[in-house]
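S.K.: Here is what each chain is made of, one letter per residue.
2 protein chains.
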Amino acid sequence: MAIKVLTIQEDILGANDEKAKENEDFLNKSGILMVNIMSSPGAGKTSLILHTIENLKDKARIGVIEGDVASTIDAEKVSEQSIPVLQINTAGGCHLDAYMIEKALKNMPLDDINLLIIENVGNLICPAEFALGEQIKVMLLSLPEGHDKPLKYPLMFTEADVVLINKVDLAPLLDFDTDSFIKAVKGLNPDVKIFQVSCKTGEGMEDWYSWLESQFKSRLSS
Amino acid sequence: MAIKVLTIQEDILGANDEKAKENEDFLNKSGILMVNIMSSPGAGKTSLILHTIENLKDKARIGVIEGDVASTIDAEKVSEQSIPVLQINTAGGCHLDAYMIEKALKNMPLDDINLLIIENVGNLICPAEFALGEQIKVMLLSLPEGHDKPLKYPLMFTEADVVLINKVDLAPLLDFDTDSFIKAVKGLNPDVKIFQVSCKTGEGMEDWYSWLESQFKSRLSS
Chain L
66 MAIKVLTIQE
76 DILGANDEKA
86 KENEDFLNKS
96 GILMVNIMSS
106 PGAGKTSLIL
116 HTIENLKDKA
126 RIGVIEGDVA
136 STIDAEKVSE
146 QSIPVLQINT
156 AGGCHLDAYM
166 IEKALKNMPL
176 DDINLLIIEN
186 VGNLICPAEF
196 ALGEQIKVML
206 LSLPEGHDKP
216 LKYPLMFTEA
226 DVVLINKVDL
236 APLLDFDTDS
246 FIKAVKGLNP
256 DVKIFQVSCK
266 TGEGMEDWYS
276 WLESQFKSRL
286 SS
Chain E
66 MAIKVLTIQE
76 DILGANDEKA
86 KENEDFLNKS
96 GILMVNIMSS
106 PGAGKTSLIL
116 HTIENLKDKA
126 RIGVIEGDVA
136 STIDAEKVSE
146 QSIPVLQINT
156 AGGCHLDAYM
166 IEKALKNMPL
176 DDINLLIIEN
186 VGNLICPAEF
196 ALGEQIKVML
206 LSLPEGHDKP
216 LKYPLMFTEA
226 DVVLINKVDL
236 APLLDFDTDS
246 FIKAVKGLNP
256 DVKIFQVSCK
266 TGEGMEDWYS
276 WLESQFKSRL
286 SS
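As given, the protein sequences belong to chains L and E, one line each in that order. One rule links them: number in this note's numbering = place in the first sequence (from 1) + 65. One rule links them: number in this note's numbering = place in the second sequence (from 1) + 65.
The hints are simulated quantities; they were obtained by calculation from the structure and are not laboratory data. Check each hint, because a few of them may be wrong.
Note that identical chains are pooled: a pair holds if it fits in a single copy or bridges any two copies.
Cut-off 30 Å, straight-line C-alpha distance, at most; resulting in silico cross-link-like pairs (DSSO-like, lysine-lysine) [claimed, not checked]:
{"no.": "1", "residue 1": "251", "residue 2": "168"}
{"no.": "2", "residue 1": "248", "residue 2": "142"}
{"no.": "3", "residue 1": "122", "residue 2": "265"}
{"no.": "4", "residue 1": "265", "residue 2": "94"}
{"no.": "5", "residue 1": "251", "residue 2": "142"}
{"no.": "6", "residue 1": "248", "residue 2": "94"}
{"no.": "7", "residue 1": "265", "residue 2": "84"}
{"no.": "8", "residue 1": "124", "residue 2": "248"}
{"no.": "9", "residue 1": "124", "residue 2": "142"}
{"no.": "10", "residue 1": "248", "residue 2": "265"}
{"no.": "11", "residue 1": "171", "residue 2": "265"}
Nothing here was measured: the structure is a model prediction, and the numbers come from that model.
Please build the complete structure, drawing on both the sequences and the hints.
M.R.: So, in structure tokens, the structure goes:
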């Protein structure tokens, strides 16, 4: 039974990778940077997106795709920022895939967007397996989740271009070993960029905004 | 593409449900209570299990099945308690299923066990879809994850027999609305049992131990 599932999964992944490549080619031609944000439920993806919009909305034309199993709670929060937002409900599905994103791209006002942020479904496992066509994969880990997560969920940390360690304001109350966490992440993914932030207090956020802006500018000018 | 995946999924779920029923019949005949603990990564499943073992090990013959994508970190912690522990590594898979549990049951010293605790893979979505044959489903939500989770991940909260709200010691630092959380859970699942606990400080844990012991005793005597 386990092997059967795996075989189906591989076929799906192969087809998904091809579709993701098509999406990425289309985005590159259209001058759009797409950023895929992934994390466990409640790590702070929506909060990160809201603060990033607020900080960069005068510098980029931002759009957001919200992925959720159910509800439009996050999309409603983001739409208050008066930017284009599209909700994808997966109806139980545990990740977004490249086909969903292809459909979403066809339903967004892309002429008004050059920075497209995707909030993936809250899940530390499956979203890492499904490329969407994004140029940057961002992984958000919040302190309360614990420093052992890279060893337990290695693919997510291996695939990420950027890891944000969020909720650092809770550090005094938790036993999170930041050095051991960073060592484990770098062991899986030596070139990964790491930021330590608190979306709540704003600590460390300026570095993230500057980095994202630099990525955005270098790609627009190329 | 989405429809194709769904069809495959349904076949898998149907077969899994049959296997789960077989597992449950076997456990009932063997006088074993199996408890399936599910949550997001880092909500505190291992900590809950360690404290539960410590409190109930003189009252029950406990065994543990540890489900993880990779690593044996949790199994190593649990095995320090000198009870039978079996590690299932799913090699990337995002949930345990009834076939894995059937295999695990064949590889555990069941004559020495009457309370079998399963730590599922850390994931708020897929484990809720896959029955294992457990008589009790426990769902653990930690305060930092936020009170909006029942609306965003409804199946998990609908399927649970028990919801434990963990990390209540962090309440003063967070904006977690307990009333709104409980209302949302009861809206999906009116008969669910809810406990508010902190595995760290011990707050509320006695009620959980007593309840689990009562479940265990009533099933043993029936």
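S.K.: Each hint should be assessed against the structure and marked as holding or not.
M.R.: Going down the list of hints, with the structure as the test:
no., hint, result
1, 251 / 168, "neither (35 Å within a copy, 35 Å between copies)"
2, 248 / 142, "between (35 Å within a copy, 21 Å between copies)"
3, 122 / 265, "within (19 Å within a copy, 41 Å between copies)"
4, 265 / 94, "neither (36 Å within a copy, 52 Å between copies)"
5, 251 / 142, "between (34 Å within a copy, 24 Å between copies)"
6, 248 / 94, "neither (37 Å within a copy, 48 Å between copies)"
7, 265 / 84, "neither (37 Å within a copy, 46 Å between copies)"
8, 124 / 248, "neither (34 Å within a copy, 41 Å between copies)"
9, 124 / 142, "within (21 Å within a copy, 49 Å between copies)"
10, 248 / 265, "both (25 Å within a copy, 26 Å between copies)"
11, 171 / 265, "neither (34 Å within a copy, 49 Å between copies)"
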